[in-house]
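Q: This is what each chain is made of:
Number of protein chains: 6
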Amino acid sequence: MEIKDMISSTTVIRPDGRQSDELRPVRITRAFTDVPEGSVLIECGNTRVMCTATFTQGVPRWRKDSGLGWVTAEYSMLPRATAERTDRESVRGKVGGRTHEISRLIGRCLRGVVDMKALGENQIQLDCDVLQADGGTRTASITGAYVAMVDALRWAQRNRRIRSAKRVIKDSVSAVSVGVIDGRPMLDLPYLEDSRAMTDMNVAMTGSGEFIEIQGTAEHRPFSRDELDVLLDLATKGNRELQAAQRAALEELGAAE
Amino acid sequence: MEIKDMISSTTVIRPDGRQSDELRPVRITRAFTDVPEGSVLIECGNTRVMCTATFTQGVPRWRKDSGLGWVTAEYSMLPRATAERTDRESVRGKVGGRTHEISRLIGRCLRGVVDMKALGENQIQLDCDVLQADGGTRTASITGAYVAMVDALRWAQRNRRIRSAKRVIKDSVSAVSVGVIDGRPMLDLPYLEDSRAMTDMNVAMTGSGEFIEIQGTAEHRPFSRDELDVLLDLATKGNRELQAAQRAALEELGAAE
Amino acid sequence: MEIKDMISSTTVIRPDGRQSDELRPVRITRAFTDVPEGSVLIECGNTRVMCTATFTQGVPRWRKDSGLGWVTAEYSMLPRATAERTDRESVRGKVGGRTHEISRLIGRCLRGVVDMKALGENQIQLDCDVLQADGGTRTASITGAYVAMVDALRWAQRNRRIRSAKRVIKDSVSAVSVGVIDGRPMLDLPYLEDSRAMTDMNVAMTGSGEFIEIQGTAEHRPFSRDELDVLLDLATKGNRELQAAQRAALEELGAAE
Amino acid sequence: MEIKDMISSTTVIRPDGRQSDELRPVRITRAFTDVPEGSVLIECGNTRVMCTATFTQGVPRWRKDSGLGWVTAEYSMLPRATAERTDRESVRGKVGGRTHEISRLIGRCLRGVVDMKALGENQIQLDCDVLQADGGTRTASITGAYVAMVDALRWAQRNRRIRSAKRVIKDSVSAVSVGVIDGRPMLDLPYLEDSRAMTDMNVAMTGSGEFIEIQGTAEHRPFSRDELDVLLDLATKGNRELQAAQRAALEELGAAE
Amino acid sequence: MEIKDMISSTTVIRPDGRQSDELRPVRITRAFTDVPEGSVLIECGNTRVMCTATFTQGVPRWRKDSGLGWVTAEYSMLPRATAERTDRESVRGKVGGRTHEISRLIGRCLRGVVDMKALGENQIQLDCDVLQADGGTRTASITGAYVAMVDALRWAQRNRRIRSAKRVIKDSVSAVSVGVIDGRPMLDLPYLEDSRAMTDMNVAMTGSGEFIEIQGTAEHRPFSRDELDVLLDLATKGNRELQAAQRAALEELGAAE
Amino acid sequence: MEIKDMISSTTVIRPDGRQSDELRPVRITRAFTDVPEGSVLIECGNTRVMCTATFTQGVPRWRKDSGLGWVTAEYSMLPRATAERTDRESVRGKVGGRTHEISRLIGRCLRGVVDMKALGENQIQLDCDVLQADGGTRTASITGAYVAMVDALRWAQRNRRIRSAKRVIKDSVSAVSVGVIDGRPMLDLPYLEDSRAMTDMNVAMTGSGEFIEIQGTAEHRPFSRDELDVLLDLATKGNRELQAAQRAALEELGAAE
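Chains as they are written, first to last, in our numbering: chain A, 1388 to 1644; chain B, 1388 to 1644; chain C, 1388 to 1644; chain D, 1388 to 1644; chain E, 1388 to 1644; chain F, 1388 to 1644.
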């Protein structure tokens, strides 16, 4: 059997009954809290991330007088997002490597769809706090943060801090995980699958179908070019569906613009 | 006019329409997230705190072989719980004084109603994360953490880690803020009132009506013994109502025990 | 027997021979060191705290151009103030929760008697370093810091940094601990009693007899409203005597003003 | 013109005269310092990284009694590896996000070719210190660290800490950067090109031609699936050549085994 | 004029009226606080340092099962020991270079006179906290810490933790500063002279007249071998007098042994 | 036998075959890396230190508008410079006492030969990173940093940041270690000897033969004035030879000026 045929040829039943190319149910709640310029709760299966977007005038010192804006992100897990309690990084006195890595990833993905010139010397800070973790927290953060960022930019337009939210946002962005489990490529891995995956890949894509980030890691078993192709097909399918969910959420509350 | 008459004699209309001795609407949601032994969302007006209780076997090193359990708490604010974004303490690299102070307060209050011998050498860690802050976050944390702790102890009983949750919990505990605003004692201050209060007091009480903590501070104007008496009356009334809400929430999901 | 009768009705002999409503001997030494604007050694029994007050022009950034002054405090224990050596917080790399909590308490109490407008854009920093700890270090710090602050303000007046020390100081402030031991309310607890107290309360009062801070904690046994009343009576008596000692000390060196 | 034809169809002259699919000169010096079990200086053009491998008996606590070994890595830049001096992370008091991210990447890549069972409960620590940075420091670190690790394992075999270095090393691993500059895919970017790249990708591959890590980022312009394919072709070519250099270096000093 | 003649030939009047080879008045108060095994206040002119010695059973992990003891020291300045307030190192979150350097110096000097075998697996921790700083705080710390250490060892002998204090202490140790000011060598520099010194040297000597530490620094003007000889003569004279003061203090309280 | 005769009278054969007054082979490589204003690799036997000098316009805040320049240094060891791997200080989160002490020593020595007025408001930062440690790393750092500093000043002169490198450099400076081993004074101790030395002394001297720093420590056995004299003779001889090596290196590359 060709690797390329893997997805369609068999009826893989996953622990949660999904097909190998099926996303977990996605729910995007806007205005989850009242105060932030953008506030979104994204739920991908049992993974739940609260994403807020803070719009502030001015940019960090190193970017002053450039005429350009800035977008940055911070990711964090609440102590009991996980089955075993994780110590707070504030108490340990430093941000861990994994947190740093994910925060940087989210920031890059969101910056990838923003026109910094149209944003002007304003800053958007995205905070992604994981309330419950069941795999895919970093990709859910990216997908949710995009919606929060759009809301913050619409707020900025209504409050005349920027001319047009649409001009600032060059494209949409979402992300999803894919992986190879027992030799089978799968879409959107929950924790149970993620911990058994030989290969694990996070793929962030724009609404127009191009890649912003690909992070594939195969600590447990290297993967071939053919497997890579299947994984990218799955990721493309998943991201298209996530972007549909983003669009639906953003149309919902209606006429913000 | 006697200070003692202040509450009843006038129809104080507060910004949110409440009487001076009226609590904000309270909502306690159990099982807010799936994984923790106890997980509660408490909402007091616009203040929302997620309280989780983690039950683990064993106690910190300094308490080993004592036959006694331990209860501890950590409090934290999400960056956009507030109108202006607050920097994360993990990023700043240290826990601030206010956070420390509140974490210790919550821990003391909860320990105050726990029979450490009946708990045995087990530990309960309470995590209070403020999703949205509108005054009274520390008192809401205490009130919510109590419910989460009861759930964690019921879990421990079902899983035979302890004999009886009821024997561990000597009494219930709740807390509420009171303060003097423009010379008038008030119950349960939202942020707007809190920032204008001359005197500010947090009062934690047991279900049987005794005090566990009184923290009154009058940086802006000292208060007299008479004012203190009125404030304590208000706090007693508020705590009774909060304890009713706790009981109602704990009966809801039915037969955990 | 009524709780209210407890103090007078019996002849309680405490380990150090004091009556239940009796303070330990207090000694306040001004100009303990030469350089600071105010430098006080306060001894309450075996507890000894060195309190210095530093007067500087200018205020922290967040308070600039407000026309108002600022008062802040830091508390610390020398490693061998205690029976077992305590590790230095500088070496551990962070200030602990207890230290933070006490520093903030001292700051609030002192700010409570200062007219920030009369102080102008000047800052007073109070440093309370415990040379020897035998209970009541935080309340001794408040009582001693007040005297150091007055000396610093007199210095500022003599050096024409402020118009009048008297106008800056709205009232005096002192603090004392009270607690319930074996069911009996007691004034001014040394370490031996403090560690056995079921209820422990620190009360800061102004010279005119009003409260600035009440911090009562009953981790080990809640206390009733009646007990609270007795404790507040004891604290009022103790603070009156401490304020007499403050006045005596401040008159001693004569005509600073 | 098809994107796939881009590489061959034109004679791109890069600032340093290379073809678009040409590596910079590579030099691998073994036994660069005397003491470590493995010590390698790798030079890729002007980028120079010192990679040491430390073999120690025992594994971190969380892995004890598993019968498995562990491989970990730390990456750091000397202050003047860069044109402008970078502050030391030891002085700043914390490891930055970029450093964390790269250290974790190197660790994963090296673990990807190690048979942890054959290693037994031993640990290999890889230290990659950049003496001079001209782009591609993280990929040079991976390529150099592999050689240092082989030397450390040969040392361990000679000293009878492991049975066979060959059984521990399942495959070789190298890494190289690729990117799109002015719309043209390029292999092995020096700093000048790297800073202008719209898309930037690091690809770690095994000697048998499979992927261990793919990290593509397109903060400045998303890339298409076609571009991705060209970049992966370039990376495959580059890694093959780097692996030849690794083999040559490892054969040089002769009969270590 | 020969440099060697400098001291005797002229009547240098220093700001405080001393001769160039004259120590400031020294006062050593034992049992300055009640709790520590050794507690000394040393005053050298206006410099005042509180030195405590803590005797504990057991040694740090790296020294276990060696049969040898350990002596270590920590130095710190209270915030207002100096004319301008110094920020606390606990608040800044790290111990500064100067503090580290001095702590290590004190530790080495005291270890230099201790027979670690006779001490057995016990530890002495010396804490030197500067209450008031007027030059020579590190040398005063050494001189005072020696007395505190002797007291702690006598305590240990009385409490049968060691056989004989005398056998542990191989020799006494004291230290003094010397320097060249306006071309003239001087003994025991107060802050005013210290800040003007071109050459500054701290010399720790044993009771039998040998050197334990010499730290000479000439950031502002190098010094010749001849000048060095004069400085060492002055230091020898000063240390002899300090050792007399140590002996007198240690005989005072009488029959500790 | 007189101590003074010790050096010449016997044929001491050291582990590496040197005479007691013989330096290890010294090699100074300039332009070791390409980017820094000064970049030197100094090898003293097996000790290898990379010294870079960074020239920047402007001085630290506390020195602004003084018209004077500043010279500062940082010392660090790579993890595997030593036989057993040393944890990185960046990972531990703080700079250790030994590192602090040495960094400060190097800074003082280099400042000792710089005319700060001629340097103007410019700063030189010296970074000394130990690639391999075999005793004498701090003295090698000083000797190497001097050469790197000269190169940086020549660069500054060529680039018209300063008028004349020669006017900035008042004198040369080098440093060497001496010690007493088994009762015999020795020059330039490698690790093996250093760890056995009873007395250990680092001596920094100017080209004109005066002392800038003397740091003698005798934790293990005090030393007499006579021994000190012999040690200083040895250090003088060693420094003269090191200064010859510095001159030779600085003349080599020819016409930088």
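Keep in mind that the hints were calculated from the coordinates and are not lab data.
What you are looking at is a predicted structure, and each value in this text was computed from that prediction instead of being measured.
Possibly wrong hints are sitting among the right ones.
No copy is singled out in the list; a pair is fine if it fits within one copy or between any two copies.
Claimed, not checked - Each computed SDA-like pair below joins lysine to any residue, with the alpha-carbon atoms no more than 25 Å apart:
| id | residue 1 | residue 2 |
| --- | --- | --- |
| 1 | Lys1451 | Arg1583 |
| 2 | Lys1451 | Val1478 |
| 3 | Lys1451 | Asn1546 |
| 4 | Lys1553 | Arg1411 |
| 5 | Lys1451 | Gly1484 |
| 6 | Lys1481 | Pro1447 |
| 7 | Lys1624 | Arg1612 |
| 8 | Lys1553 | Gln1444 |
| 9 | Lys1481 | Leu1455 |
| 10 | Lys1504 | Glu1639 |
| 11 | Lys1624 | Gln1602 |
| 12 | Lys1553 | Gly1445 |
Q: Given a CA cutoff of 25 Å, do Lys1451 and Asn1546 count as a within-copy pair, a between-copy pair, both, or neither?
A: Classified as within; 22 Å inside a copy, 28 Å across copies.
Q: Between the shortest in-copy and the shortest cross-copy C-alpha distance, which are at most 25 Å for Lys1553 and Gln1444: within, between, both, or neither?
A: Only inside one copy: Lys1553 and Gln1444 sit 18 Å apart there, 44 Å across copies, limit 25 Å.
Q: If the cutoff is 25 Å on CA atoms, where do Lys1481 and Pro1447 land: within, between, both or neither? Let me know, please.
A: both (22 Å within a copy, 20 Å between copies)
Q: Could you figure out if Lys1451 and Arg1583 sit no more than 25 Å apart (CA to CA) within one copy, between two copies, both or neither?
A: between (46 Å within a copy, 21 Å between copies)
Q: Classify it for me, Lys1481 with Leu1455: is the Cα-Cα distance of at most 25 Å met within a copy, between copies, both or neither?
A: For Lys1481 and Leu1455, the Cα distance exceeds 25 Å both inside one copy (30 Å) and across copies (29 Å).
Q: Within a copy, between copies, both or neither: which one fits Lys1624 and Arg1612 at a CA-CA cutoff of 25 Å?
A: both (19 Å within a copy, 14 Å between copies)
Q: Treating 25 Å as the Cα threshold, decide for Lys1553 and Arg1411: within, between, both or neither.
A: For Lys1553 and Arg1411, the Cα distance exceeds 25 Å both inside one copy (29 Å) and across copies (40 Å).
Q: How would you classify Lys1504 and Glu1639 at a CA-CA limit of 25 Å: within, between, both, or neither?
A: Cα proximity of Lys1504 and Glu1639: none, with 29 Å in one copy and 52 Å across.
Q: Regarding Lys1451 and Val1478, is the shortest C-alpha distance of 25 Å or less found within a copy, between copies, in both, or in neither?
A: between (33 Å within a copy, 22 Å between copies)
Q: Between copies, within a copy, both or neither: which fits Lys1624 and Gln1602 at Cα up to 25 Å?
A: For Lys1624 and Gln1602, both the intra-copy (17 Å) and inter-copy (20 Å) Cα distances are at most 25 Å.
Q: As a check of your reading, is Lys1553 near Gly1445 (CA-CA no more than 25 Å) within one copy, between copies, both or neither?
A: within (20 Å within a copy, 44 Å between copies)
Q: Between Lys1451 and Gly1484, at a C-alpha cutoff of 25 Å, which is it: within one copy, between copies, both, or neither?
A: between (29 Å within a copy, 22 Å between copies)
Against the hints set out earlier in the document, violations occur for numbers 4, 9 and 10.
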